[in-house]
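Residue numbers (this note's numbering), protein chains in the order written: chain S, 1 to 319; chain A, 1 to 285.
Just so you know, these hints were derived from the structure itself, not from any lab. Note that the structure is a prediction, hence the values are computed from the model and not measured. You can take every hint at face value.
Computed footprint of chain S on chain A; a stretch qualifies when at least three of its residues, placed anywhere within it, have a C-beta under 8 Å from a C-beta of chain S:
(1) 86-96
(2) 99-105
(3) 223-231
Note that CB positions come from ideal geometry on N, CA and C, so glycine has one too.
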Amino acid sequence: MTARRSIQAVLAMVVAAIALAPLVLPGDSGLHLVNLILIWSIFAVGFDLVFGIAGMLSFGHAAMFGTGAYALTLLTTRMGWDFLPALGAAGILGGLLALVFSFFAMRAAGLFFALLTLALAQLIYILAGSKLRDLTGGVDGLGGVPRPDLFGVDFYDDGNFYFFLLGMFVLALAVAGVLRLSPFGQALRAVKANDVRAEQIGFNVQRLRQAVFAVSGIYAGISGALLASLIFYVSPQMLHWTTSGDVVIMVLLGGMGTLFGPILGVALFEVLREGLSTVTPYWYGILGLVFILCTIFMPHGLAGLAQQLRQRFGAGGRR
Amino acid sequence: MSTIVIGLSMGLLLFLLAAGLTLIFGMLRVINFAHGSLYMLGAYISYQVVQLTGSFWIGLAIAPVVAAAIGALMERLALRPVYDRDHVYQLLLTFGFILVIEEGVRIFWGLDYKQVSPPALLSQPVELFGSSVPSYRLFIIGFGALVSASLFVMLDRTRYGMVIRAASGDPDMVRTLGISVSRIRTAVFAIGAGLAALGGVVAAPLLPIELGMGFSVIIDCFIVVIVGGLGNIRGAVLAALLIGMTRAIGYTYAPSWVDFLTFLLLIATLILRPEGLFSRKGRTA
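Work the whole structure out from these sequences, hints included.
Written out as structure tokens, the structure is:
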């Protein structure tokens, strides 16, 4: 147990080092990168509650992510809402949409759940690109997404906005950490391990799954809204299935079912995106290769790798 | 009349794809996300062959072979090591292949739309019951029916089909009988990939060949597979025809609602019969 705890501590320190890097290292590109990592981490941590804890693979989280982004944009620019209430509304809408998704998608189990979430998300994508063009600006998207207006701080400065994102990130991480340890989180692990047995013990399996799906929808909605705010722009690309795929890749690269793993995955993904896309236009294909190799050889991701190394070379040595 | 022809041709085209998907699922319990990418690859190979040789028919022969070889490699190198793990990993692997195949296509053929014209033999419309229909559509119907029929004969009447059905049902038992299940798995994956590419070649003259084509078709395939019943290949035939007809009728009367009609069908199925409209208990592959 102590070995596991020390790995946890190492991972936490790595995550803290990434999140706090802008405090020591000046530079605009690094700052932008960390801001992106913080936002995507909120998304990934929420996604892992569904994927890593409850064992449900969703390929439709882009729908909640994009819906949150559009909700924030429309509420602030068209309805004149303040940033924070609009951000809350983005989260709530993401959660509600997730509930609707779970209502349909949970009629099928296992892999077909993944297909259904994908199909439903695609429906939202088509809606936003065509039918709701007046609202969403169609494929052109919408610009002019605002940033928060609090305490007289100029959040339009990326350096200041970083602190806002850091706060949201810590909050999201804390809530997820509590949820994982709570009876709710334990029940979800039971469902993942053996849903029939969990049902027999007396858990309402469907209700539990729906609840965690909705929670991750809230995470997705908020992170989507924050991304729109960071880049001042929202487009149907955020609803696209590649966005759903990206978050799956991130979580798997980092280590599903761990608290800090997904964040490492996000960091690796974003660094790869930044690093490779300047060197080669084919970075997404290379990412695919990396992803395939990691799926085969490193099923527990970066976080699991630490554990594997520890087992092999660590002080323990004994199996 | 032309609505029926278009609907049938779309339905049979969808079935070519859904059949591969269903076969692979029945045998390997893997949902091949990259199926649409193989379909796209088939279309691009067809384009390339037409550019080089000027013949549509050579492409029709070559593309499935190439895709089957790629499929066999995918199964052998990537999927085989992870069969023991949770099915999610296999799904994720095939997702990784989408990225790689799409990137490969982008490197070879670039981002521009490509166009393949139907073979000269089939470029003229023909009269059918008093209305004029494109002969290429009729070819798709005939060809699709032929391929589907041979697939069923192969599965139901031949020794290979028997082994595949047996291995889908109980791989361990088949293995004890001295048959290499892993070889069957590779073969089935290759056949599925070949069918996808065949669909791509057949579809190539109908639509612009572009990078996104694989994904738009895979969603339709998933809908077919779910509506037809999971892993149920006979259900897939009916579901493919149903969706093909729905789309064709939709295009005629309410073009902007076509996608919604398809999704409506999916959602109605899920509410009424989550196990699939055409599935009977205990019937697979």
